[in-house]
Amino acid sequence: MAFERRKILLVPLDPVHDIGLKMIRRGLEQAGHQTLLLPPDLPPEEIVSIMGKEHPDHVMISRTLGYGVGEVLGRFVDLADAAGLRDKTTLVVGGMAVRPELAAELGFDAGFGPGTSVEEVVAFVEGRPYQPDLAGAKKQKKDITAGYAYDFRHGAIGNLLEKIVTDILTWDEGKISPGILRSRLRDESWDVESFRQGKVSREFSEAYAQLCDPVPQAFHRKGEVHPKTRRQTDQEIARLEDYLTKTKSRMSVSKVQHVEGQPKVFIQYGTGCPFMDIAHIKVCEAWGADGVVHFDPSWGARTEGFIGGFLTHQEDGSVITPENLSWIKAALEPSTLWQVRAHRGLNTAETVVLAGKLGADLTKINIAYGSLAAGTDPARLTVDGIEAIRMAVKYKLPFDVVTNEELAGVPAHKAFAGMLIVTALGRRLGARPILQPLFSYSPEVMIGGQMIDNYIDFNAAKIEALRSIIDAPLWPGAPIGFLTQTEDRVQSSMTTSLHAALAAALRVDAISIASSDEAYSGGPIIAASRVDTLQAVAEGFRFFGEGRIAPTSHAQRWADEMVDKIEAVLKEVAQAPSFVEALYAGLLGSKEEGAYPGRGGRGTVTEK
Amino acid sequence: MKTIGIAGTAKNTGKTTTASALLREAYRRQRRIAITSIGYDGEEWDNITGLPKPRLPVQRGTIVATARKCLAVSSANIRILEDTSITSALGSIVIGEVVDPGLVVIAGPNKSVEVGRVKNALARYRPDLLMVDGALNRIAPMVEVDGLILATGAARIVDPHRLARETESIARIFELPYRSPTFFSDNGGVAWRIGERWVSLPFSGAQLLTTEDGESLAKEVIDFLPQEHVEGTIQLPPLVTTKAIRSLLTAAGTRLKQWSLYFRDPISLLLSDLPEETYFMLEQMKSMGLRPFVRKNLPLLVVTVNPFYPEYDPGSQTYHARFLPSGLLEGRIGRKVRIPVMDVKRKGARSLWRKTMGF
Amino acid sequence: MVAQGVLSRIMDALDLETFLVCSSEEEGKELAIRLMKSLGFQDVDLVFIRFGGPGARIRVRAYIYRPGQDYAWVRQIDDGEKRG
Numbered sequence: 001m002a003f004e005r006r007k008i009l010l011v012p013l014d015p016v017h018d019i020g021l022k023m024i025r026r027g028l029e030q031a032g033h034q035t036l037l038l039p040p041d042l043p044p045e046e047i048v049s050i051m052g053k054e055h056p057d058h059v060m061i062s063r064t065l066g067y068g069v070g071e072v073l074g075r076f077v078d079l080a081d082a083a084g085l086r087d088k089t090t091l092v093v094g095g096m097a098v099r100p101e102l103a104a105e106l107g108f109d110a111g112f113g114p115g116t117s118v119e120e121v122v123a124f125v126e127g128r129p130y131q132p133d134l135a136g137a138k139k140q141k142k143d144i145t146a147g148y149a150y151d152f153r154h155g156a157i158g159n160l161l162e163k164i165v166t167d168i169l170t171w172d173e174g175k176i177s178p179g180i181l182r183s184r185l186r187d188e189s190w191d192v193e194s195f196r197q198g199k200v201s202r203e204f205s206e207a208y209a210q211l212c213d214p215v216p217q218a219f220h221r222k223g224e225v226h227p228k229t230r231r232q233t234d235q236e237i238a239r240l241e242d243y244l245t246k247t248k249s250r251m252s253v254s255k256v257q258h259v260e261g262q263p264k265v266f267i268q269y270g271t272g273c274p275f276m277d278i279a280h281i282k283v284c285e286a287w288g289a290d291g292v293v294h295f296d297p298s299w300g301a302r303t304e305g306f307i308g309g310f311l312t313h314q315e316d317g318s319v320i321t322p323e324n325l326s327w328i329k330a331a332l333e334p335s336t337l338w339q340v341r342a343h344r345g346l347n348t349a350e351t352v353v354l355a356g357k358l359g360a361d362l363t364k365i366n367i368a369y370g371s372l373a374a375g376t377d378p379a380r381l382t383v384d385g386i387e388a389i390r391m392a393v394k395y396k397l398p399f400d401v402v403t404n405e406e407l408a409g410v411p412a413h414k415a416f417a418g419m420l421i422v423t424a425l426g427r428r429l430g431a432r433p434i435l436q437p438l439f440s441y442s443p444e445v446m447i448g449g450q451m452i453d454n455y456i457d458f459n460a461a462k463i464e465a466l467r468s469i470i471d472a473p474l475w476p477g478a479p480i481g482f483l484t485q486t487e488d489r490v491q492s493s494m495t496t497s498l499h500a501a502l503a504a505a506l507r508v509d510a511i512s513i514a515s516s517d518e519a520y521s522g523g524p525i526i527a528a529s530r531v532d533t534l535q536a537v538a539e540g541f542r543f544f545g546e547g548r549i550a551p552t553s554h555a556q557r558w559a560d561e562m563v564d565k566i567e568a569v570l571k572e573v574a575q576a577p578s579f580v581e582a583l584y585a586g587l588l589g590s591k592e593e594g595a596y597p598g599r600g601g602r603g604t605v606t607e608k
Numbered sequence: 001m002k003t004i005g006i007a008g009t010a011k012n013t014g015k016t017t018t019a020s021a022l023l024r025e026a027y028r029r030q031r032r033i034a035i036t037s038i039g040y041d042g043e044e045w046d047n048i049t050g051l052p053k054p055r056l057p058v059q060r061g062t063i064v065a066t067a068r069k070c071l072a073v074s075s076a077n078i079r080i081l082e083d084t085s086i087t088s089a090l091g092s093i094v095i096g097e098v099v100d101p102g103l104v105v106i107a108g109p110n111k112s113v114e115v116g117r118v119k120n121a122l123a124r125y126r127p128d129l130l131m132v133d134g135a136l137n138r139i140a141p142m143v144e145v146d147g148l149i150l151a152t153g154a155a156r157i158v159d160p161h162r163l164a165r166e167t168e169s170i171a172r173i174f175e176l177p178y179r180s181p182t183f184f185s186d187n188g189g190v191a192w193r194i195g196e197r198w199v200s201l202p203f204s205g206a207q208l209l210t211t212e213d214g215e216s217l218a219k220e221v222i223d224f225l226p227q228e229h230v231e232g233t234i235q236l237p238p239l240v241t242t243k244a245i246r247s248l249l250t251a252a253g254t255r256l257k258q259w260s261l262y263f264r265d266p267i268s269l270l271l272s273d274l275p276e277e278t279y280f281m282l283e284q285m286k287s288m289g290l291r292p293f294v295r296k297n298l299p300l301l302v303v304t305v306n307p308f309y310p311e312y313d314p315g316s317q318t319y320h321a322r323f324l325p326s327g328l329l330e331g332r333i334g335r336k337v338r339i340p341v342m343d344v345k346r347k348g349a350r351s352l353w354r355k356t357m358g359f
Numbered sequence: 001m002v003a004q005g006v007l008s009r010i011m012d013a014l015d016l017e018t019f020l021v022c023s024s025e026e027e028g029k030e031l032a033i034r035l036m037k038s039l040g041f042q043d044v045d046l047v048f049i050r051f052g053g054p055g056a057r058i059r060v061r062a063y064i065y066r067p068g069q070d071y072a073w074v075r076q077i078d079d080g081e082k083r084g
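Top line first, the protein sequences correspond to chains A, B and C.
If you use full-length UniProt numbering, the first sequence corresponds to residues 1 to 608, in order.
If you use full-length UniProt numbering, the second sequence corresponds to residues 1 to 359, in order.
If you use full-length UniProt numbering, the third sequence corresponds to residues 1 to 84, in order.
Do not rely on the hints blindly, as some may be mistaken.
Residues on chain B that point at chain A, a partial pick, calculated with CB under 7 Å [to be verified]:
#1 S85
#2 A89
#3 S92
#4 R138
#5 T211
Some chain A residues flagged as far from chain B (calculated, every beta-carbon gap over 12 Å) [what the hints assert, rightly or not]:
#6 E45
#7 S49
#8 F76
#9 A82
#10 P129
#11 A207
#12 E236
#13 S249
#14 M251
#15 S252
#16 T552
Honestly, the hints are just simulated from the structure, not real lab data.
Predicted model only: the values in this text are computed from it and were never measured.
All C-beta atoms, glycine included, are put in the ideal place defined by N, C-alpha and C.
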């Protein structure tokens with residue numbers, strides 16, 4: 001096909017609007033077309049006079065609509081018509097208040113309103129349909145950990161971490177738990193293809209049931225589901241399939257980021273109903289979310305073993321079952337990163353296996369947090385955590401190391417010490433861990449006053465401190481701005497947007513964001529609120545671009561203090577009889593700081 | 001088939017009232033009617049459908065040419081006869097026949113050539129009358145009609161004196177004598193007689209729009225003309241402005257005495273400038289001894305007037321309905337122009353029909 | 001239409017924001033306006049809509065009072081004071 005060079009007359013009717021036309025001009029010229037940009041404010045007859053001499057293929061007028069503008073534009077079209085110039089020339093109007101109907105009403109051939117991309121205009125000029133997906137919004141999954149070497153930048157801390165990791169692995173030798181046995185059974189004997197074909201292995205079910213608490217046992221032996229849940233009916237499943245087919249056919253994913261390198265944006269789902277989760281996920285994808293994080297109910301972490309079935313319930317968190325995860329995976333766009341959290345409970349290791357087999361991209365593991373603030377026995381979670389990390393390596397799942405114990409009151413430096421130990425453990429075992437400091441208004445700063453003036457300094461200090469210790473990816477969470485949000489949607493969206501902008505300015509790799517009803521506790525969050533914060537974050541990214549946010553001098557001082565304190569904590573841990581003893585002794589968060597070693601799975605660790 | 005256009009000078013000047021009255025009388029006389037429009041008016045959008053609201057009441061047997069999407073929002077039941085394949089923002093323009101009476105939305109083509117094509121397509125269904133409903137801010141495609149009804153009123157200009165002056169100017173433009181020129185195609189040219197021989201120079205297609213356009217035409221004419229005064233004619237390009245004509249007259253007016261100047265039609269003249277300015281330019285031309293003509297006959301048949309106007313109340317920041325005294329506009333404007341001036345709501349549909357259609 | 005009951009206490013307008021499941025922006029517009037009409041509002045308009053894949057984020061508005069109208073809340077507050 002021969003390339004057709006078009007001639008386009010660009011006409012600004014008022015000077016303010018010139019910029020849009022100049023952008024269009026650049027796009028058209030880059031595409032090889034000839035353009036002629038007229039000076040602003042020419043009367044219609046002069047424009048028509050120039051048309052008569054230049055014979056353009058298209059005339060594009062830009063005008064902010066206001067009083068009397070309809071008359072001017074209508075007159076321009078009339079003059080072009082009366083002059084016999086409409087046969088060969090297409091008349092187009094663009095501007096803030098232009099809608100296609102309005103353009104047609106004034107007799108134009110086309111109208112471009114706000115939000116029109118340069119690509120769209122070029123496509124119009126070339127007479128081809130505009131496909132937004134092909135023109136920039138095309139998204140690809142990104143490996144957040146790519147490019148990080150996991151080198152220790154702080155020699156002394158690096159040495160301490162190496163020693164602690166060696167001690168942990170020595171301590172762990174020969175220890176086993178029901179969680180590890182299940183994860184290995186799931187790894188070796190559960191075939192995901194047979195599962196998809198609906199084949200239930202009696203052998204697996206029975207062997208698995210023996211490693212479970214009564215509720216999962218009842219499921220695997222008698223097919224009974226958890227009393228709080230119900231199975232989706234065949235009719236509901238058929239409707240879901242129908243809904244998904246229709247929605248997917250018109251899906252196009254957008255981007256939240258404005259410039260290259262701005263963090264990937266994750267949202268968290270877990271309404272209790274996988275169907276509603278899917279509906280929310282599709283909305284978030286359409287509004288630019290790069291990744292989604294599966295939230296499971298807290299009782300799932302306290303029960304030995306998983307149940308199965310396509311299950312729904314009306315409580316916070318969506319139950320992890322092979323069926324639920326499979327449906328969610330099936331609903332995702334190819335570009336969406338999917339994280340299934342393993343981090344805190346009695347099923348940590350097996351969750352990693354299940355996530356890996358069902359196609360997740362990421363998981364979440366933290367021994368310190370899980371045993372200090374999520375109710376799992378420190379010894380149990382240490383052995384299960386190591387197994388989980390090994391499985392993450394096997395299934396090639398990077399994982400973040402969350403530090404939510406800060407929300408209980410543990411100071412950042414202690415939470416970070418725990419996070420760094422698990423990160424170093426992962427590093428030793430060949431995994432790809434991701435640091436997850438909180439961007440939050442935590443109890444520590446509420447008491448200590450580090451956020452009296454601003455939310456920037458202390459969060460910037462955290463990133464600076466971690467960066468000076470290790471070369472590892474950073475994913476602030478979860479969600480960013482936690483405890484700064486109120487129930488007001490504007491305030492909530494705004495604080496999320498600003499925290500996201502701060503994260504972008506600090507060049508982190510990813511963020512998790514809340515919805516604008518995050519602070520509301522009276523019921524599940526809703527889709528419209530998810531759109532709010534995605535829009536707000538996109539606007540924050542748009543606003544700052546490559547621009548930076550300057551912290552005050554406090555940030556560096558706090559970062560230095562934090563590094564010193566982390567080193568001090570790690571020294572104590574290294575001197576403790578074992579990592580588990582250190583957890584019990586409160587070295588990584590004490591009872592006074594709101595950290596309580598958990599009791600879930602106590603006494604279940606045995607020697608082989 | 002007689003093609004009548006209805007043009008409004010502003011919102012609320014009664015264009016729809018006039019159109020409905022004409023239709024009513026046509027139905028009473030059992031005439032076969034066809035209707036189309038120049039694009040569509042944005043005055044009455046339905047914010048539920050995002051489409052124009054149906055306004056015109058039509059009866060069975062009426063032929064309409066409208067955009068496809070308008071069929072759905074019309075309460076009249078319309079059977080599609082053909083698709084003209086002319087595109088518009090509301091879908092392609094189709095020709096249909098009203099099967100069950102009701103209200104219709106007419107959104108026709110918005111370019112002159114397309115109105116011409118639709119007119120030809122409609123003629124094949126042999127209607128007695130084709131009504132072309134105008135659109136606000138658009139007049140150029142009215143060049144395709146046989147006669148025009150102008151709807152104006154207090155909503156255009158509240159001051160009756162100024163409104164009368166503007167309407168008079170419009171009427172005078174339409175009164176320019178019609179004469180069929182002999183020399184040129186639509187782009188026009190200049191011709192003069194030397195003895196028995198006519199010299200003719202066609203225009204290359206340029207427009208006569210700017211002061212420079214007028215000056216350069218004047219220069220060329222002067223360069224080519226012999227020294228002694230000759231008889232001649234200029235067939236002007238389709239679109240001219242008063243500005244360009246003035247500069248032509250200033251530079252070459254004295255050489256063009258007794259010459260005939262052909263404008264394309266009154267519609268293109270209306271686009272030249274404000275009506276008063278154009279009328280003034282024509283008068284100036286005549287006073288200099290030039291003879292203006294139009295090459296297409298397009299009479300203004302009737303002026304309908306509406307005394308209604310919205311008055312802005314700064315106190316409540318809202319508009320209130322106001323009316324000029326009944327009969328005032330008919331009197332004021334009627335005294336200035338030769339054609340009938342009427343308030344359709346007072347005089348009624350029959351009178352409008354008689355003045356418009358004459359039969 | 002004169003606003004009655006609690007509606008009369010709305011200062012000027014009622015905005016409704018939600019996410020509508022629909023297959024196009026056009027459908028979203030239509031549903032949004034229909035939603036307000038079905039709630040009994042007459043003076044309604046779509047303030048904002050953005051469509052993407054599963055549906056449309058909308059903000060749709062019903063004016064209870066346009067400037068210049070008779071605001072019932074003025075009278076009610078006066079009445080309250082007199083009674084109090």
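Verification of the supplied hints:
no.	hint	verdict
1	S85	violated (15 Å)
2	A89	holds (3 Å)
3	S92	violated (13 Å)
4	R138	holds (5 Å)
5	T211	violated (10 Å)
6	E45	violated (5 Å)
7	S49	violated (4 Å)
8	F76	violated (10 Å)
9	A82	violated (5 Å)
10	P129	holds (15 Å)
11	A207	holds (62 Å)
12	E236	holds (33 Å)
13	S249	holds (23 Å)
14	M251	holds (24 Å)
15	S252	holds (22 Å)
16	T552	holds (48 Å)
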